[in-house]
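**Q** So the chains spell out like this:
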Amino acid sequence: MADASYPADLLYHPEHDWARIDSADAGVATFGITWFAQDALGEVVFFDPPAVGATLKAGASYAEVESVKAVSEVIAPLSGEVIEVNGALGDAPEAINDDPYGAGWMVKVRLADPSEADALLDVAAYETLLG
Amino acid sequence: MPVVTDSAARRTSLHDRHVAAGAKLVPFAGWEMPVQYAGIRQEHEAVRATAGIFDVSHMGQIETRGPQALELLQLLISNDIAAIPLGGAQYGVLCREDGGIIDDLFTYRLDEERFLTVTNASNHAKDFDWFAVHAEGFDAEVLDVADDFAMVAVQGPQARALLAPLADAPLPARFTVASLTMACEPALVCGTGYTGEDGVEILCAPDVAGRIWDAVVAAGAQPAGLGARDTLRLEVCYHLYGNDLMETCGPIEAGLGWCCREATGFLGSEAVAAVRDAGPSERLVAFQLTGPGIARQGNPVLGGGEVTSGTLSPTLGVAVGMAYVPAARAHVGEPLEIDVRGTVRTAVVVEKPFYRGSAA
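If you're matching them up, the sequences are chains A and B in order.
For the first sequence, UniProt numbering begins at 1 and goes up steadily by one.
For the second sequence, UniProt numbering begins at 1 and goes up steadily by one.
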C-alpha cells in the first residue's frame with residue numbers, strides 16, 4: 001500500500017468515500033473509497049459491485065468490500081444511476097488498496113442531482129475530519 | 001472505520017514491540033492485541049513458507065498440583081489425562097454435565113503430580129472457577145497462574161531451525177514440553193501450535209518475553225497477528241472457541257469425539273456417550289464456496305444450520321469456512337446454499353482440513 005494521499009481534485013464523503021465529477025460532463029461522477037478506508041480495511045479480497053442501472057442514494061450503502069478479516073459497506077457520496085462498474089475489480093480487488101483513486105475506482109454514476117455535490121467535503125475539510 | 005482501542009484493555013508485556021513494529025492493535029477478550037503488522041496475507045504466507053512469531057500472552061494458564069491432581073483433571077477434561085506421559089501435552093475439552101463445551105484446552109504434564117492447562121483468554125476466569133469448584137474434596141490444588149506467564153508461538157516449517165541456535169537444549173518434539181533457556185532466558189517450550197505448521201509455543205516470565213521476542217525476530221521470524229492466526233487455523237480446521245465451539249454444542253457435534261474418553265467418567269461423559277451412540281443431529285463441516293462471495297460467522301445455511309467461521313483462504317485463494325449443518329447433509333460433496341447478508345451463495349462440503357501444513 002502506498003502512503004496516505006488525498007487528491008485535491010476529489011470531493012469526499014465523511015464515510016471515507018470519494019467522488020470525481022467528470023470534467024466533460026458535470027452530470028457524471030466516479031466513486032471509490034479513500035486511502036484511509038482501504039488502510040483501515042486491510043487487504044481487499046472481494047468487491048461485490050451493484051448492477052449497471054442500479055439506483056444509488058447519497059449516504060446509503062451501494063456495495064460491499066471485503067478484506068480477509070472483515071466486510072464493510074460502501075457508501076454512495078451522491079445519488080444517481082450506475083452507468084458503469086469497474087469489472088476489473090472482480091479479478092483484481094487489490095487495486096482498491098494499491099491505487100484507490102485510479103484503478104481501484106468502483107462505479108460511474110449518472111447523477112440525479114449534481115447540486116448534492118455542494119454538501120461533500122473538499123480535501124482540506126476531509127483531512128481535518130481525519131485529524 | 002477507525003481502529004478502536006479500549007483504554008481498559010490489558011496490554012501484554014510485548015506491547016511496546018507491537019507498537020514499534022507498526023502493528024494495528026484491537027481489543028480482543030479484554031486485551032489489546034495485534035491483529036496485523038505487515039498485512040494478514042503476508043504474515044500468513046510467511047508462516048506457511050518460513051516462520052512467524054505470535055504474541056499469545058492473552059491466553060490463560062491454570063496449574064493443578066498435588067497427590068490427586070491427575071484424578072481431578074480426569075474428572076474435568078474429556079481426554080485421558082492418565083495417558084499423558086511426563087513431559088507430554090494433550091488436547092481436550094472441558095464439558096458441562098450436559099456435554100456443552102466450556103472450553104477447549106491443552107494440558108501439559110510437568111511432573112507426576114503437576115499439570116499446566118492453557119485456557120482461551122475469553123474463558124479463563126470461567127474455567128478457573130470451574131476447576132476451583134470441582135477441586136473441593138480432592139487432595140489437589142488449583143492455581144490461577146495466568147499472570148506468571150507471557151506466551152509466544154513460533155510457527156512455520158523453518159521455526160525449529162531458527163530457534164535451535166537460541167536454545168541451550170534440544171527443542172521438544174511435537175506434543176511434548178521441555179524446560180530450557182531461550183535467548184538465555186528460562187522458558188517452558190511446548191511442541192504445540194495453532195497453525196498446522198511445525199513449531200513451538202514458548203511460556204516465560206512476562207519480564208523476559210521481550211528479550212526472547214527480539215531474538216526470535218532477529219533470527220528471521222515474521223511478527224504475525226491475530227488476523228493471520230485465524231486464517232492459518234481455519235485452513236487446517238482447528239476450532240476457535242466462540243466461533244466453532246460454544247456451551248450450547250457438544251464435542252461429538254463439533255467433530256471432537258477423538259479427544260473424548262467417556263470411560264474415564266469425566267463431567268459430561270454420559271451426555272457425550274449418549275450423543276455418540278445415537279448420532280448427533282448436527283455436525284460441523286468444512287465447506288468451500290463454489291461461486292463468488294465469502295461466507296462469514298453467523299450466515300445461515302438454507303435448510304438449517306449456520307456458518308461459524310469463514311474467510312478467504314490466503315493459501316488456496318478460495319473462500320472457505322466451517323458450519324454446523326443437519327447430520328444428514330454432513331457429507332463430502334453435499335451442495336450448500338448460504339445466505340450471505342441477503343445474497344444466496346453456493347458452497348460444497350469438502351474434506352477436512354483444507355490444507356495440510358508441516359505439522360501434519
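Some hints here could point you the wrong way.
Straight-line C-alpha distance at most 20 angstroms; calculated EDC-like pairs for lysine to aspartate or glutamate [said to hold, decoys possible]:
| id | chain 1 | residue 1 | chain 2 | residue 2 |
| --- | --- | --- | --- | --- |
| 1 | A | Lys108 | A | Asp9 |
| 2 | B | Lys24 | A | Asp9 |
| 3 | B | Lys24 | A | Asp3 |
| 4 | B | Lys24 | B | Asp98 |
| 5 | B | Lys126 | B | Glu112 |
| 6 | B | Lys24 | A | Asp98 |
| 7 | B | Lys126 | B | Glu113 |
| 8 | B | Lys126 | B | Asp168 |
| 9 | A | Lys108 | A | Glu94 |
Hints listed in this document are in silico derivations from the structure and should not be mistaken for laboratory results.
Here the structure is a predicted model, which means the values were calculated and not measured.
**Q** Now tell me, hint by hint, if it's right for this structure.
**A** Checked hints:
1. Only pairs whose Cα atoms come within 20 angstroms are accepted, and Lys108(A) paired with Asp9(A) is accepted, the gap being roughly 16 angstroms.
2. Taking the CA atoms of Lys24(B) and Asp9(A), the gap is near 30 angstroms; set against the 20 angstroms cutoff, the hint is violated.
3. Using a Cα cut-off of 20 angstroms, the hinted pair Lys24(B) and Asp3(A) holds, with the two alpha carbons roughly 16 angstroms apart.
4. Restraint check for Lys24(B) and Asp98(B): the C-alpha separation of about 40 angstroms exceeds 20 angstroms, so the hint is violated.
5. With a C-alpha separation of about 26 angstroms, the suggested pair Lys126(B) and Glu112(B) falls outside the 20 angstroms cut-off, and the hint is violated.
6. Distance check on the hinted pair: Lys24(B) and Asp98(A) sit about 19 angstroms apart at the alpha-carbon level, within 20 angstroms; holds.
7. Between the alpha carbons of Lys126(B) and Glu113(B) the distance comes to roughly 23 angstroms, so the proposed pair goes past 20 angstroms and is violated.
8. Of the pairs offered as hints, the one joining Lys126(B) and Asp168(B) is violated, with about 37 angstroms between alpha carbons and a cut-off of 20 angstroms exceeded.
9. Among the hinted pairs, Lys108(A) with Glu94(A) is consistent with the structure: their alpha-carbon atoms are about 19 angstroms apart, no more than 20 angstroms.
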